[in-house]
Structure formats: C-alpha cells, structure tokens
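J.: Following the hints, complete the assembly by docking chain B onto the known chain A.
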Amino acid sequence: MSEKEKLVAIVGDANVSDTPEALEAYSRDESFVRQMKPQLVARPQNVDEVQQIVKWANRTGTPLIPVSSGPPHFRGDTVPSLGGVVVDLSRMKRIIRINRRNRVAMVEPGVAFAELQSELKKEGLRLPMPLCPRSSKSVIGSCLEREPTTIPKYQWDISDPLLCTEVVFGTGDLFRTGEAAGPGSLEDQWASGQAQTNPMGPFQVDFFRLIQGAQGTMGIITWATVKCELLPQIQKPFLVASQKLEDLLDFTYRLLWARLGDELLILNNFNLAAILAKDRDEIKALRDTLPRWVLIVCVAGYERLPQERVEYQEKDVMDTAQRFGVTPVIAIQGVQGSDVMEALSTVSAEPYWKLRFKGGCHDIFFLTTLEKTPEFISCMYQMADAAGHPGTDIGIYLQPQIQGRACHCEFNLSCDPGSPKEMEKVRHLFFNASKELMEMGGFFSRPYGPWAEMAYSRDGQSAMALRKVKGIFDPNNVMNPGKLCF
Amino acid sequence: MTLHRNVYQVLADIVGHENISDEPVILDTYAFQWLAETISGTKFCTRPEAVLLPGSVEEVQAIVKACNSNGIRYKAFSTGWGPWNTVGGEGVIQLDLRRMNRILEIDEKNMFAVVEPYVIGSQLQVEAMKKGLNCHLIGAGANTSILASATSMAGYGLSGIFMGYSNCNVLAVEWVLPDGEILKLGSLGSGAGWFGGDGPGPSLRGVMRGMIGALGGIGVFTKCGIKLYPWYGPPTTPMEGIHPLDGMPIPESYQAHSLTFPSWEALADAVYRIGEAEIGYVMGRALPPGLIPVISISSAADYTQMLQMVTIDEFKYAIQIILGANSARELEYQKRALEDILKETRGKIIPMMEEQSVKNILFRHLIKSEGISRVFQLAGTFATSLGAGTSWDAAVASGKLGEQLKRKYIERGAIADDGGDLAWGGAYQHCRFGHLEEIIMYDFQDPDSLKGAEEYIEESAQAAIDKSLGQPISIVRGMAEQFGPTSCDYHIWMKRIKKAFDPNIAADPSFYVEPAE
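As you go down the protein sequences, you meet chains A and B in turn.
Using my numbering, the first residue of the first sequence is number 200, and each one after it goes up by one.
Using my numbering, the first residue of the second sequence is number 42, and each one after it goes up by one.
Okay, chain A solo, but in the shape it has when bound (with noise of 0.2 Å):
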C-alpha cells in the first residue's frame, strides 16, 4: 500500500488530493515565504482521522502541515517548508456547544467567525473579534496566532479568548488542556456544572500557552472552547480625530485604566479607508478627506440597564475628553461611527479588505507599549520614504492589548501582485523595516516568516528552551518542520 493510499484510508479517498491544482493552492501564500509544493493534502473530518494521520506522520517521517483557515494566507505559516502533507481542517466545523451561562463556546477548527458569531447572537453573546478578519478566517487559527481582538478590557491575558482545547500532540498522543483535562469526560464535567472555562493547567503546566503562538509545531487542535461575551442591546461608538497621534494617547491611556468603552483602536486615515471603502478610488477619495488619525471608542449597554449604563458612560467618556482637549464626536467627514462599528462587528466584505487598495498587502506587526508608537511610525515612514514607497498608502492600526499593558503596531504595505518592481520595493522594505523596528524595540511576539530568525537571534535563550519543548511534544519534529526555530 503506498502512502497516499494509507492516507486514503484514514481519511477517504475525496479527501486526499495531489492534482497539481491542489498542491499549488498550498505552496504559497501572499508572503515573501519561499514557495513548496506539499506531497498531499488531507481533510480529516474527526480527532480520531487527526490521530491516525499524525501517528502515521510519525511512521513515515512526513511533515504535517496543518491549515484551518481558509485562504487567502498571508505569513507564511501555512506554507510548507520541507513538502510533507497538508492536513486541511475545514471539514471540522461543528460548532458543539454554546454554554450562555457561562459565556462559552465549543468549536472545531474550521468553524470561521460568521458562523460562530450568528449562532452566539441567537444566545445573546458574540466572540471578541480581530479587527475585520476575512471571511474564511478560522476561529480557532485566530485564537492560535495570539491575534489582538478590538476591545481590550475583555483582554485579561493575552492568551484571550482562548480557553480549554483538545489537541493531538506531535506525537501522536490524544491531550485536553485546562480544566477539560479532567477529573471525568467533557459529559462528567458538564454535568457536574463545569464547562471548560478555565485554560489553566491541568494542575502545575499551562499546556495550552505551548501550543498557542506555536504555527501548528506542537500539535493539531481539533477543538477548543472560547470566551464569548454579552452581545450589546445599544451601542454608541465615537470617533475621536487628531492630526498628531500623541494628541490622542493620554486619552487613550485613561480610557483604558477607567475600563471605558468596549471597542477601543487606533487607525490612521488609510485603513479607516480602506475598512470601510469598497475600491481603490474610494479608498483613496476617503483616505484624503480624513483627518490622519482617528481613535474609535464605542461605549455599550448589555442586558442589565443597558440605557443607563451607555450614559454614564458617555458622560465620563466626555468628561475625560474634555479633561486632555480631544473632541469625540458620532461623525467624522461624513463617516459614521456606526457605520464602523458595523464593519468591526463584522467578517470583511469581499474583497478582504487589505487586499482592496492594490491587490496585495504585506503586514509588518510586532508588540510595545501605546506611547512608544509614535517613534515606531516615525520611523517607518522614513524607511518607506528611502524606499520609494508613498507613506500615503501605509495603514496603520494600533491596538491596545492585555487592558492596556501592551500595544499590537501594525503597519499594512499594500501592493501591487502584478507588478514585479513595486513587490521587489516592497520586499526590501518589508525587511529592512523589520529589521529597523525590531532593533528598536519592537517586540516580534509571533514571528512568521523571515522574522523567525531574527527574533530568536535576539533571544537565543527562549530558542533552546522551545527547542526542549518541542523535542518533548514532538520528538520526531513532524509538526511544520522549518518553522520558528525548529
């Protein structure tokens, strides 16, 4: 029996492909990653196909690659690095549960953020999101790469929103994480009121911070429970306008250690643009009218008081405005706060929206903290002008994360895919900004890509003792080989 036939009976012969089609949707992606071709790509549709396949994986020493979101991929992380398969889960789409009193939800991997969100909404919740994630993005994959969500308060650990997962490890071995490890099965605990809200443990290891961040080298999550919150009864966003981002930090600052607001980002005019425009021309009409930075705080009311608890708060929202000279006010040049609540509550329309100035878009993104942003953007407009690239054209998004303790910076360099030149300018930026922000003290928390290197060069320290772990979890390094520093 060859391979793609041992592959076939675990998972079924329509779900095991190698038509060149197939293969060449999975060897790239829109980042600068070296382009491969995987042997094959599976779909399993249960833990038990997930198992059978990386047990085999051990067997025969194939990498697994394992892609839960659908495309368009963007860093690289999906993309083999030495062939092996590709373990597609977007088979496994059930939603298993939704708990309201405990705000809790239980989903596989390939269940995406529009189906999860309309079904929390029939419960009264919804699923802290990224900011417009694209339509095919997986929960899970979301919660996995540590993406910063759009309103910080409900950001206890940066591990938020993600609680308890089962996983098969690179060895094969079937793990739950958390509270769900146990005492009793996942129908023990629910019945004795548990509901795999705790991601801690089991007892003196948080097994699941090992697996997040990790790029699919740990092992293969085939479910996870996430922290869901009360779906708002009124919302009242506003949008607060400055010229000078540091005119709007102290601001920041305050909402954030007044818990103000729930919603809570910074973006400059290009990517509130490009959120809300559906071209290039509008896009570009847009970016030109709004002012260069523009903060977005949206105050709710959930089901208790929901009036009363919108008016204080916008009354203390005010008050603190008032208190650092900024303005927040419902509409600015025509663009509603609404209408961009609308688009963070939401997957992005088609096309994504970073893909709808040029076509393309590299993303540079790293952690620090809110005041430190300023000097960052400085000097990434500098480098982008050394290089030729309009600093017009760079969206910007600044998050606050942890409730305050940290701040995601993104920087989008859209493009165009056609243009060899410009994606050869945009490269050498791409790297040499990377470089640049990282020698000044940004923080490449999640390292995708060329940045991998670079980061663990910083830190060979965190490096050998992953090493250690992975060589714990899986010795036979079949997990997305060439990825982070294995």
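Do not take every clue at face value.
Covered by chain B, according to a simulated footprint, are these stretches of chain A (three or more residues, beta-carbon under 8 Å) [stated by the list, open to error]:
#1 313–325
#2 402–410
#3 535–545
#4 566–573
#5 610–617
#6 661–667
Result set (BS3-like, lysine-lysine): computed pairs, CA atoms no more than 27 Å apart in a straight line [said to hold, decoys possible]:
#7 A:Lys514 / B:Lys376
#8 B:Lys150 / A:Lys571
#9 A:Lys667 / B:Lys376
#10 B:Lys441 / A:Lys571
#11 A:Lys634 / A:Lys571
#12 A:Lys667 / B:Lys357
#13 A:Lys514 / B:Lys106
#14 B:Lys225 / A:Lys634
#15 A:Lys514 / B:Lys172
#16 B:Lys540 / A:Lys254
#17 B:Lys150 / B:Lys172
#18 A:Lys483 / A:Lys514
#19 B:Lys540 / A:Lys667
#20 B:Lys150 / B:Lys225
#21 B:Lys389 / B:Lys357
#22 B:Lys171 / B:Lys150
#23 B:Lys449 / B:Lys508
#24 B:Lys389 / B:Lys449
#25 A:Lys571 / B:Lys172
#26 B:Lys357 / B:Lys508
#27 B:Lys357 / B:Lys441
Calculated directly from the structure, the hints in this document are not laboratory data.
Where a beta carbon is used, it is the ideal one built from N, C-alpha and C, also for glycine.
T.: Just chain B, lined up with the frame of chain A:
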C-alpha cells in the same frame, strides 16, 4: 546528610559568609511550617542543609550552577508558608530570597510594576495606590510575595472579579532555569521591556506554571512584571480603630456590602449576574459562616455561641462585595445594577453589616486581603480542600460537597465544629471562572485531629475525582500521581518537562514531579 565543607565554602564564596548559615537553630526556622504535620507528623519539615540569602540574579545563578556541579538540590523561598516552600528531602539547600525585595519600577501609564521576589502585596499596594493603581492580593494575605504568587503558586484572591488571577497577571519574567541558565520570558528576552511574557512563538509561561505553580520544581524566578489595576481611592489609606477590629474609612468612590440569598442556587445566579453586569471591585465569600465568629472571639466557647447565631441567620448564603467606580455616575450605575440583581434573586443586604464602622472593617479586610491569620485561632491550624478553578456553578457544587463531607469528621470531634460551611472563594474576571475551597480547622498537636484532617483531605480529593469537580487546590505530595491518570496523564508530560529542563534534578522535585526515566 551534611553539606560537605568544600561545597559550603563554594556557596559562601558566592553570597558571602554573612549570607549563609548551617546553624540548626536557623535552619529549623525554615523547617517549621504550616501543614508540616501532614508531611512529617510534626511541625517541622526536613531541615535544609544550609540556607543562603542571595542578593542578585547573578548570585542565584552561581548557586544553581554550583548545585548542578556538586550534586546537591536547591529550593527557593520568598515569603512562603507551607511545606511546598521548604525543602522536601535530604541534601537540599534553601535559597531565602528576602534580600531581593525591591520594587524596580511602576509604569503608571501601562499599569504594571516590576518586582523582586520578596516584595510583598502590601508593599506594592501602598506604592501603587500613590499612583492611582492597585494590585491583586491573594487570599493568603497581603504579607505574601507578589512574585511567588504570580510565578510559582496559586493565585486566588477576592479582588479577582476585577483583577483576575495571579497566573494571568504576570508579564515578563527573569528566570534562572534549573540548570543555571537565565531565561528572560517574553518581551524582556528580546530587549523590549517588561510588558509581555509570551513569545517569540509559543509562550514559555506554559512551562513556568499552570493553574498552580511548579512550587520550586522548575527553577528560581528573580524578577517579574506584574499587572496593576485602577485604584479609585486616595493615594494613602488611613486606618482607624484597634486591631483586629480596625477599619478603613470608605472613599466616596467605593461601597462595601454583605449580601445574603435564600439558597445556594440564588447565590449562584446572583454572582453570574454580577459578572455579566461587570460590576464589583472585590467580591466573594470572604466571610462564610464558619469564619465570621473568629473575627472577634476570645475563646472557643464564644465561637460556638456566635456560630449558632450566624449559621442560622443570613450568613449561610452570603457574599461580600465592594463596588468601586471611576465616577459618581458609574458608582450609581453599579448600585442600581446590584439592586436589580438582588430583586431578581431574592437577595438582600444584611442590615447588621451596614453599620458604618462594620463596613469600614469589611472594606479594610477586603482591600487589604486580611483574615487568613484568623483561621489559626480556633484550633491551632487549618487546611483547605476542593477549590478547583472552574465555572461558578461547579465551584458552588464544591462548596456544597465540602460541607457535606466535613460532617462526619465534625461529629467524631476530629476537626473543629465550624457548622460545616467554611467555603471561601469567589468568581474571577467578571465571573469567567471561580472557586470555592472548603477550609477545615484542626488541632495539629492532637493525633486524632491530625488523622481526621488527613482523612478528610484525602476523601475530598477523591470526591473531586469521583464527581468530576475539577482539579483541587489542596497541595499534597504525590498529587500528580493521584490526579494524573484522571486528567489525561498530565503528570507524564510534566515528568518529561522536568527531565528536559532539569537533567541533574537540581531543583527540588518534591512538590513537582520526579523526572521521566
């Protein structure tokens, strides 16, 4: 086993002769521990071979490397109490980190501090309050190490409704690994500061600790970034009255109440609704019925008399809550929301707890996380049980179960008669999870009482398994072997971690695991 003099000299050369001792009288002060009797049958755990007081990460590193070279084990200790803080067997030296007691930084804007191991909760709280900030204090009290709770132990405290759990509050960490290498977790390792503890890539916080910490089994933590939270009160907090009935005048931006409900179910509903409304600054069962009398009693007879009053009265299904707000408007909203919740759940504010001086005492008790010392008063010592971090419903089920299990031990006179209900705990992160641990009070000098306490702890642990009530807080040796097979064999993975990170088994494994073969 006695430390070889050559080794002693090597260690003395690292910290200086004034910072090392192997005098028995000194060593026994470390061996004397709360709950030691559950390990050794006496109030003393194993005597360490020597105690060292390193003053810097460099000295800690040198000690750890010397231990690896000389085949001896080490155990770090900051403010620790409990046998898991002292050495677990022969041939182990104790590292007392009390000289590393500095608050290195308070980043007011980004709301975090950087602390050394011997910075205690009250020390950080006082400094943070001057800047409009506060820190999460655990139930073990404001006298415990902030760093130890964040990196190495559990982390429950009733401010958790607003300030989370110690595991979730830790940011970057400086960590001397078991083999003596220094690992700087997260942003610190990349030279970016203390704001993040995760990455690049997977978070090594996962190795550092779990729901409870590694209890000294995976190295020594020498600095950490820790989240701070808003404080809406004045920069300093005056006290009034005489201890233990001293109070703190309640600032205008706060309120303190004791709430009572007609049943466990109503109490559970109310806590969920409080969480959903996102109100509350401190909240939980701070004063379960069995605990209330010890606040003011002077004798066991007083306790029994007072207990009868509170058990049959409103305190059976009670919680305490502090509302705290950024503005008068917000406080008004929180009050209205709480009134609504009380109406819906047939709850009420306990009238006798509304007297201002009583509320001031309650406020101090909750803000300063005081009260733990009181549970030593009645019988000499206490132990705890159950208390998994889980959904609030399951936590309440644990509280009910604990009361039920305790009955027979009370009836046979093995543990103090606290009425059965001494379930302490709360709900954290706006009620995303919670815990109720069942406390027992017993006489460690009475063999029958000690035996009863041990049997109860064992029975309650088994009950947590049988009833699928999560992973208990009670820490006993061999816990991993007992719970591992019931929880995805997690202990086998821990053994592999221990082997990979501590090839010489230099970090005392007594309350962690022995490495894999």
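J.: Taking the hints in turn, state whether each one holds.
T.: Against the structure, the hints come out as follows:
Counting residues of the stretch 313–325 of chain A whose CB lies closer than 8 Å to any CB of chain B gives 0, which falls below the minimum of 3, so the coverage claim is violated. A count of 9 residues in the stretch 402–410 of chain A with a Cβ less than 8 Å from any Cβ of chain B is obtained; the coverage claim is therefore met, three being the minimum. With a threshold of 8 Å between beta carbons, the proposed coverage of the stretch 535–545 of chain A by chain B is violated, since 0 of its residues qualify and at least three are required. Closer than 8 Å: that is the beta-carbon criterion, and the stretch 566–573 of chain A has 5 residues meeting it against chain B, so the requirement of 3 holds.
Counting residues of the stretch 610–617 of chain A whose CB falls under 8 Å from any CB of chain B gives 0; the rule of at least 3 is not met. Proximity of the stretch 661–667 of chain A to chain B, defined as three or more residues with a beta carbon under 8 Å from a beta carbon of that chain, is established by the 5 residues found. A C-alpha spacing of about 17 Å is found between Lys514 (chain A) and Lys376 (chain B), which places the hinted pair at or below 27 Å, so the restraint holds. Taking the CA atoms of Lys150 (chain B) and Lys571 (chain A), the gap is near 12 Å; set against the 27 Å cutoff, the hint holds.
Between Lys667 (chain A) and Lys376 (chain B) the CA atoms are separated by roughly 52 Å; this puts the pair beyond 27 Å, and the hint is violated. For the suggested pair Lys441 (chain B) and Lys571 (chain A), the alpha carbons sit about 50 Å apart, so the restraint of at most 27 Å is broken. This hinted pair checks out: Lys634 (chain A) and Lys571 (chain A) have alpha carbons roughly 17 Å apart, not beyond 27 Å. Our distance criterion of 27 Å between C-alpha atoms is broken by Lys667 (chain A) and Lys357 (chain B), whose separation comes to about 50 Å.
A C-alpha spacing of about 58 Å is found between Lys514 (chain A) and Lys106 (chain B), which places the hinted pair above 27 Å, so the restraint is violated. About 21 Å separates the Cα atoms of Lys225 (chain B) and Lys634 (chain A), which keeps this hinted pair within 27 Å; it holds. Annotation: proposed proximity of Lys514 (chain A) to Lys172 (chain B) holds, straight-line Cα distance about 24 Å (limit 27 Å). Proposed proximity of Lys540 (chain B) and Lys254 (chain A) is supported: the alpha carbons are some 24 Å apart, at most 27 Å.
With a C-alpha separation of about 10 Å, the suggested pairing of Lys150 (chain B) with Lys172 (chain B) holds against the 27 Å cut-off. At most 27 Å may separate the alpha-carbon atoms for a hinted pair to count; Lys483 (chain A) and Lys514 (chain A) exceed this at roughly 35 Å. With a C-alpha separation of about 10 Å, the suggested pair Lys540 (chain B) and Lys667 (chain A) falls inside the 27 Å cut-off, and the hint holds. Simply put, Lys150 (chain B) and Lys225 (chain B) have alpha-carbon atoms about 23 Å apart, close enough for the 27 Å limit, and the pair holds.
Taking the CA atoms of Lys389 (chain B) and Lys357 (chain B), the gap is about 13 Å. The hint holds against a cut of 27 Å. Restraint check for Lys171 (chain B) and Lys150 (chain B): satisfied, since their Cα atoms lie roughly 13 Å apart, inside the 27 Å limit. A threshold of 27 Å between alpha carbons decides the hint, and for Lys449 (chain B) with Lys508 (chain B) the separation of about 19 Å falls inside it, so the pair holds. Proximity of Lys389 (chain B) to Lys449 (chain B) is assessed by CA-CA distance (about 32 Å); at most 27 Å being required, the pair is judged violated.
With a CA separation close to 21 Å, the supplied pair Lys571 (chain A) and Lys172 (chain B) stays within the 27 Å bound. A hinted pair counts as satisfied when its Cα atoms are at most 27 Å apart, and Lys357 (chain B) with Lys508 (chain B) qualifies at roughly 24 Å. The suggested pairing of Lys357 (chain B) with Lys441 (chain B) holds, with an alpha-carbon distance near 11 Å, which does not exceed 27 Å.
Hints 1, 3, 5, 9, 10, 12, 13, 18 and 24 from the list above are not met by this structure, while the remaining hints are.
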